[in-house]
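Q: Could you build all of it, start to finish, from the sequences and the hints given here?
Going line by line, the protein sequences match chains A and B. Take 8 as the starting number for the first sequence in my numbering and just add one per residue. Take 633 as the starting number for the second sequence in my numbering and just add one per residue.
Hints are supplied without guarantee of correctness; some may be wrong.
Covered by chain B, per the in silico footprint, the following chain A stretches (three or more residues, Cβ under 8 Å) [stated by the list, open to error]:
(1) 44 to 51
(2) 57 to 70
(3) 88 to 100
If you are wondering where the hints come from, they were derived from the structure by calculation, not from laboratory data. Don't be surprised by glycine CBs; every beta carbon is placed ideally from N, CA and C.
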Amino acid sequence: MIERLQHKYALSGQGALDMIKACICVTITNIVLMMPAGILYCLIKDLLEGTLTGDRIPFYAAGSVIVILLIAVTNFLQYNATFLTTYRESGVRRTTLAERLRKLPLSYFGKKNIADLTTNIMGDCAQIETASSHWIPELIGAVISVALVGISMFFVFDWRMVLASFWVIPVAFVIIITCSGAQKEAARKNSAVKLAVCRRRDQPFDLLYVPDDGGKTL
Amino acid sequence: MGKTQTFDHMKLIGQYAGGCRHLITLGRLLAGISAVMVLIPNYDLWRIISIALKGEDLSEISRFAWQAVILTVASLLIYVAALLCTHIAAFRVQANMRSALMRRILTLPLGIFDEDGTGRIRRIVNDSTAATETFIAHQLPDKTVAAVTPIGLLFLIFAFHWKIGLICMIPAVLGFIVMMSMMGRGMQEKMGEYQNALEVMSSEATEYVRGIPVVKTFGQTVHSFRRFKTCIDGFGKWATDYTLLLRMPMTGFMTCINAVFAFIVMAAFVFAKDGITAGLILNIMYYIIVTPLITVALTKVAYSGEAEMTLIDALKRVRQIMELEPLAENQKGRVPEDHTLELKGVTYRYKDAGRDAVNNVFMKIAPGEHIALVGPSGSGKTTLAELMVRFFDASEGEILIGGVNVKDIPSSGLMKQVSFVFQDSRLIKKTILENVRMAKPEASEEEVMEALNKAQCMDIIEKLPKGIHTVIGEKGTYLSGGEQQRITIARAVLKDAPILILDEAMAFADPDNETKVQAAFEELSKGRTLIMIAHRLSTVMNADRIFVMDDGKCTECGTHEELMEQGGLYRRMFEEYSRSIQWKVGA
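A: Next comes the structure, spelled out in structure tokens:
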């Protein structure tokens, strides 16, 4: 699994481990963020049954403090696991790429446009950075936590209510999966056009070095 | 939030948008309407809970439910329409900005590209305009939403039970304060630093990649790699420090906005003392549903602030380019009397550099003389040559051609006097004919062929499928560095200018190419003034005079024999060079 992650998101071994950690952190944070709902559930129950009296205060006070503390701690950990580790990993990735470039045969540089190469190193690295710090752990964490909590809710509450509130998630996924082909295609086209623009846009820069009548023919 | 008083970015965007300005306004308006509409279903919810709790007419429930669904869907559709408007406008703005930038860049002195590195300018043309596009397309409508939603929310929160509402607002206000502390003036600076660090890294990357072939050919050390690595590490360290700085505020903010539940519990206890009524239960349930919206709204506000900072930074960078001084073109229009090139106390210092790249250089080069500039790398040889063709203007002193200051010669006139083949003279993606003809647009095909012949390019032309009508750079028609260089020499031959500046850049040349390039150079320099920036000393021995540059100063001058007798820097360099040749032969 670690190897697959490494390959898929261009990570080092450490980076893949970090990403798994980040996903776990997001999952835990998400589950903790659902705890307030539990306390509020008790509150409504107490209100409806008329049992909201003074002797419930210790329960709610302790519960609230514990949950708030948990929220603070898990958010802190998630921050470390996502943002901090990402930036460490990004340096490693860029250096590895640079090393790799150095070892390529000379002919490669004659054939490849330098604009493409630098766009690759810098732009893609920045993209991967945002992806691995924001989207990927968030998404995976969200899926795991929602699945865990959703399934366990079926055992506790009225299954019809659970179904009513969770049907959106599978439906959303179906939409995303069916559309992802089209979206990938669009993204591929977009980046092809971008590279073409890059190359064409480089031409004026090249032209500037062309000795002619003071750039007038441009 | 994050706003600088002096920078009116919306006005600037309006200027680039032109007729599309109204589309932006329409998009924002639609986004605002959709933001209001999406809040109304919360009122429906309140009604539904109320009916359920009080056991009133239950058939009413489905009416309110449908109303909520319809409003939600409608607001979504309106939001999509808003995005369409802003996207169209955004693409227009981006295109306008880019073409304005490119037009501007063409008027700038060529030296700018050496000084700043084209990587930086490329990045601005590309990324800063893209950032503006994202801002207009996504963040502008979202900003309207972020502005309208809190107002609607305040209504939703205070209209039903303002006391509970007030209690629920406490954590939100706390979170907001934490966030403000995060977004202060320092943040704007940090954003700028971040962009700068990225920029430095980007231009270092370009330099690094450009340098790889040279490094490989000469088997140099990994100095350039180390520089790039330092840069990467620097960026990484900066980013880490920055994230560490924001760690506590961010945790605090997240905790605050997620602590609303505790306050609802508190409110329930406070008001339950007066007896639990259906109305109280209704309100508590209602606030449980509504308060998460505060979190969502606050996060939106937070991100819109960040986006605005990115935008302001991007626009400032674009403005930096627009404000660069074009090379002054005065109207004196004087014509040089002959082709004597004279430098009088020429000094040049790159912008923000600590020392002069060229310092107080005097030299006089007679027509037809062949001179060589030698010196360690970084000694100012190339800068000096670039000053001669007015890549930029000397900081002090003057450069005269035929007794006339180059500043007083119109650029077209100057270019008739001087040809140059620099290291990075490159070909563009057109046919060879067009590439060579750029030097002299009215040249006939025969003239071009003759120039190619003189520049020893015939073997290149012969192997190409369509001869001189082959488009360079298309599939299968890549030329090697040495071949490209010969084509650029053909360009200079065609131009036939009396003064020729050559950068002897053999980084790409293989042995076979080298002799050909050498022969092409010789052909080209016949009967002309030749200024050769020499990297290898074997080629300079035949020069009429050799100028030795060291740390920006011209320290020695004379023929090869004279300089060898003087026993200065030239002699040391030459001896070292001879040794290295023997070394290679020995190995």
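Q: State whether the coverage of the region 57 to 70 of chain A by chain B holds or is violated, taking the criterion as 3 or more residues with Cβ-Cβ distances under 8 Å.
A: holds (count 4)
Q: Counting residues of the region 44 to 51 of chain A whose CB is closer than 8 Å to a CB in chain B, do you get three or more?
A: The restraint on the region 44 to 51 of chain A holds, since 5 of its residues have a Cβ under 8 Å from chain B and three suffice.
Q: Under a C-beta cut-off of less than 8 Å, do 3 or more residues of the region 88 to 100 of chain A approach chain B closely enough to confirm the stated coverage?
A: Since 6 is at least three, the answer is holds.
Taken one by one, the earlier hints all hold for this structure without exception.
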